[in-house]
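On the provided structure of chain A, position chain B as indicated by the hints.
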Amino acid sequence: MKNFLPATFLFLFCASNVAAQTDSVITSPASLNSAFNPVPLGAMVHLKSPRFNQGNIVEPIQLVQGKVAGLSIARPGGDPNGRFITRIRGLSSRISNTEPLIVLNGVPGASLQLIDPADITSFTVLKDASSTAIYGMRAAAGVILVETDHGQSDRFGVTYSAQLAFDKATGQYDVLDAGAFLQAGGEDLSPGANTQTDWQEEVIRNGLSQAHHLQFGGRLGNGALYAGLHYRGVEGVLRESDLKQYSGNLGFSQSFWKNRVQLKGNLLAARRETGFSFFEAFRYALTFNPTAPVRSADPQWAASGGYVQPNLFDYYNPVAMIELNSNRGRTTRMLGNLSAGVEVFRNFTLGARVAREKHDILTGEYYNPQSSWRGFNQQGSLRRFQSEQTADFFETTGQYRFNIGANTAVDLLGGYAWQQFEYEAGDTTASGTFGLTRASSLSDFESLRLSSPDYTSGAFTKGKNTLAAFFGRARINFSDRYFLEAGLRREGSNRLGRNEKWGNFPFVSAGADFSKMLSIKALDQLNLRAGYGVSGQQPAFDGLSRQVLTPSSPVYYNGDYIVGYGPSTNENPNLKWEEKREFNLGFDVAVAKNKLNVSIDYFKNKSSDLIDRYTVPSPPNVANSTFLNAMELSGSGYEVSLEYNNILNSEKLDWSANLVYNHYSVQVEKTGYDEPVGIGYPGAPGMCCAQYILIQEGQPLGQIWGPVRVGVNADGSIQYKDINRDGVVNGGTIDQYNQDQTLIGSALPKFELGFQNNLRWRQFDLNIFLRGVFGHEMIHENRLFYENVTGPTVFYNRVRTKYFNSRVTAPGRLDDTFVEQASFLRLDNLTLGYSFRLPENGRIRKARLYIGGQNLLNFSSYTGLDPEIRLADPGPTDNGARYSAGLEPFVPGVDRRQTYFPARTLFFGFVVGF
Amino acid sequence: MKNIPSLFKHLAFPVCLLLAPAACTNLEEDLYDRVTPDTFFKTEKDFAAAIGGAYTQLYLLGSHGGYFSVQEISSDEIAVPIRGSDWGNDEWYRAHRHEMMPYDPGVNSAWNNLYAGVLSCNRLIYQFEQLKKEGSGLPANLDAYIAEIRALRALFYYFLLDSFGNVPIVTNFTDDNYIASTIPRAQVFDFVEQELVAVLPLLNKTVDATTYGKMNYYAAKALQAKLYLNAGVYTGTPRLDDCLAACDEIINAGHFALEGQYHDNFRTNNQGSSEFIFAVPFDENFAKGFNLHMMTLHYASQATYNLQQQPWNGYCSLQEFYDMHEDADVRKKNFIAGPQFAADGVTPLLDQAAEPDDPDGPQVNHTPEINTINTGALRQAGVRIGKYEFKSGATPDLDNDMPVFRYADILLTKAEALWRKDNNSTQALDLVNQVRNRAFEPDQPFTTLTAENLLAERGREMFYEGVRRQDQIRFGVYGNPTEFMPGSAPCKELWPIPSTQFLFGANLQQNPCY
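Chains A and B, in that order, give the protein sequences.
My numbering applies: residue 907 is where the first sequence begins, and numbers increase by one.
My numbering applies: residue 154 is where the second sequence begins, and numbers increase by one.
For reference, chain A alone in the conformation it holds in the complex:
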């Protein structure tokens, strides 16, 4: 029971630290759960910085990509400003949040873009509902606790590290060259001499990135101090796509009165300047005329700035797109976080935390009047989006620990938490004639003035999200052998319907360590554990339960035009949170002084009352849509983690390996509709209305649906299979899902794998990390649209893959031949380091050099550039249109045409510590 009442244990004061009982107030949840219950009862994984991914890492979540069984992290392509999609154990919602709740240094809902990855000391991934329920109404998609450095090291010191990285596109599409294009009937835009333009080469570049980190910190007296200063400059492989980030982290902790009072705080700030460029350039680089020069002196192109820009549907000169226009952004983020704990009397601690987070986001887009891409039609256009968000957090807790008899220890915790997010944004578009020919930086952009604003439009949003919660938890430890934990969070959100403001999120878990009972010498641990919990998800937006009147077009009224108003959604006072119930069964074994550790978790869950916007009959409803809790998903799966330390048993060559494996499946139990629903629009040209994915009750998520190709007719048209054998092959709309269409692919994987190897020989260390996703299929859009180009699209260049069938000469639609197996195994990271042998207590404490690469090798049969799993779909962007809505998580497996090319990275750097 030595751990049970550690002398230094004083307080625990915040929901984010609810799980984090440690024997030091100051440390991160490094030994999560272990101080009190040596056996973690739920499914959770704790990773410290030495296990993190290395390389040209921009987003913190990249640090743990592939490292945690059941945590899927994916970003198709190599856009440095692209977003990683994160999922724990599949999917539990559609329109609400589908990504894990981030708890940064105890502040829930914080953005990871507040911090430089180098400041992070640990990630703790809470996967099952018995672990996450204490986080209540935002935890259904799992929880990730992130801790930054607060000066943990004993010795005060300074570290400087720097890194250079080179990004290069992993490959390009095979398209027709000028000669083949002409032969295939394309028009010759070459001015005289035969021009041959490789448009992909024209838009890509080799990116050069650098990162610098200056970190001070360590213990000082009864406290600790930490400061980190960081700079990152990253260039993507698409011209003009880049980012620069300046960030700082100031942290401290201090204790008083024999540790009876503890204070801890930090201030994080990050400023990021972004060049988004135009990822659509990749799409048009494939289709633009290879006989056209980038620029031409021919007078017919004078009006388009000398760039060859024929005015055709969905057809843009990708170089002109990048060079004539600009698309930049700037974000400033700050988080102040202060916590205090007081041991009021022995073993009873009161704690409180306050935090404020603030984000300022500004993006600007400029479209040159000479640019056919979004500019020409408007005589030039300017867009400015500005947003300000703040989040205030307050939490208070009380904790009491006591013993019953000699063998039973009890830990009680109770608390209250309150958080409020406020946001305000303005999105303005103006079209007209501009005084500038081009805004190339954001400051240019700010000085832009409309000389004659022909047209302006804007949208203003403002809102507030308030959450309040009471929570309690009891933990019991019998003789360090049996463990029991139970608790409840009662949480409310202002976004819920007025009849359903508060939800209850109970959890219970139990575990036993049989190793103590079996007394087998080599056996360190043999745990069996089980847990059940209920976690929730609040509505993703304000006002979903309310009747909302939206402005319709202005209307003529007594000689003037005034704005008309009409209802757009109905009231639903019973709109409640989404609820996930999950059972988790776990098994851990550790043998030979933790040389071999195996951990297996099995889960089964049901997510019900999922919110979506439903079309309802009107009449009797005022509006024809209502937000209802009508959808249900279920999931199950298992995760295996295997760790084998010092495999060779050698003092000289230490080889440790870690394998993580997981399988999950998500099934649609209820859609809320009577009929299966088709979603996922291919887009233009020509394939707008046959959806990719069919959502059917009782079937897994991610079913790619369509006809089966049996052959090619003599006239070049495609012959599809008459599946229902009625003698007719029916057309392509999703409503005919049961007529000659069938399951032609499964977009979600069968399993995921991460295989980490660390080797150490003398002063050298080698890290080899393989990551793979297996059994998923993907719709290869570039083939679907551009492999067999016909009819009016003769202007488009063609994509060629090994599947090209020259006999097809008539337009087709999605069929099984465009759905490809996309399993891949990737050498995600290879790093070789050398640490200098340094004298003890010398001036230089640490010196290391390293060289490595990311995404070095790919094993996959997929013919597109990136087989990385697509967990959610951004939708089409046709003819200059922007993405219309958020990512659609119910449409996985679509390799969109506008996907940023993936990159391979080589990096080298050094660390020196004083």
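These are computed hints drawn from the structure, not numbers from a lab.
Relax, there's no trap hidden among the hints.
Here are the simulated lysine to any residue pairs, SDA-like style, with alpha carbons at most 25 Å apart:
#1 1368/A x 191/B
#2 285/B x 1464/A
#3 1576/A x 652/B
#4 441/B x 1460/A
#5 441/B x 1474/A
#6 1407/A x 190/B
#7 544/B x 1209/A
#8 441/B x 1787/A
#9 1370/A x 191/B
#10 358/B x 1467/A
#11 358/B x 1464/A
#12 1627/A x 235/B
#13 441/B x 1333/A
#14 1370/A x 188/B
#15 544/B x 1217/A
#16 441/B x 1531/A
#17 441/B x 1457/A
#18 441/B x 1464/A
#19 441/B x 1786/A
#20 544/B x 1468/A
#21 1368/A x 187/B
#22 1407/A x 188/B
To list a few chain B residues with every Cβ distance to chain A over 12 Å, as calculated:
#23 490
#24 591
#25 597
Heads up, the beta-carbon is just placed ideally off N, CA and C, and yes, glycines get one too.
Showing chain B alone in chain A's frame:
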């Protein structure tokens, strides 16, 4: 450290726990960027905006994809061929062939928009009646407002009656237990008739800018005239005398007259045309939604009109319909036909992606003949709708107003009612010639009236005004085969009830043959 004061602000919360627990659990939702019924209806302008919200539903008449599109494309005057991969959905191909399906987005959109109009009216009537009960003085004459809204609601029901036929009637805004159930077409007719009879005495008889675009007395009268003219179709019982009475009241009021030139009705600045009894007052900046030029013009025609956006190359008329027009008829200018040129009138418009098998080659040439309206239609095929003036430099939204009830239609309606009573009525012949002669220089009057020439004359005069399907049905020729329509059963005169309406327990019956 500017965050510190706000940090302290929240240290007040432990105090709140002890002293004012309610503050800790206050989860009222304040919406800042949206309007809810709680915050509306405070000023007179709100009332105006609210009534406007109901009229706004009429903007659907000007755009692609809903009620007006299905009306026009299912008639013999308009088609949207599947041109290459554009317009690749077969919805409009089927609509022209009277093969609409309950899941068609256009049919669904028509239903939703029309009922959104009905429901806006119901809500407004309810809210205005509540205000009346409360004795609020805003606005001055609530009864007149309510009558106007009921007349507007009758217009939406008339559209529903004409297109879907058997539809639910909902008039009560607050009945939570209401279950939509199908009402037979004849009873829907009765409802519209009774509503108009009830509200007409309260409607404003003024005809000027204050009632322009509003359901005033004469707009309701025109609606009555059209309702009675088609009563035979709707109920099986003709109401020709009632139709004549309504027409006469409009004609005798002296407020309306034929414009000198036919196309004066369709100019960019056609607001307040003496022929407009009821029009939708579109505006390129404010009242947006009249997209005819985008819907019909070829992509390249952007250069002819210097349009701000590239048009969509969709809607066109058909050869049989086009050939009904004599060369001397000014209404032949309702169509854009032949080779097309840029704004300078000289530079030929080129379609760089013209089909290799297009007999006219790359220069855009709108031929009356269309090779097919199914997959493989030539990009340039079909004469385009040029009835409305397309302003040079137009945005995607036209400034022209769109007539719903036009004086010429009332003259022809009266003529038809007379002709149906007496096929040799000279008054009927005179009325038709009054309208017809305007289109010719010199006059080319008819000498007799027949079903064929009357329907044809209505077709020429009323092209693309949303009445052709109704006319064809009334003359009993809707199901007759035309070039791309193989003939259809009489039950296809009604549209299918959208499939989404059968979800959630509505007690609806699908129309026959769907």
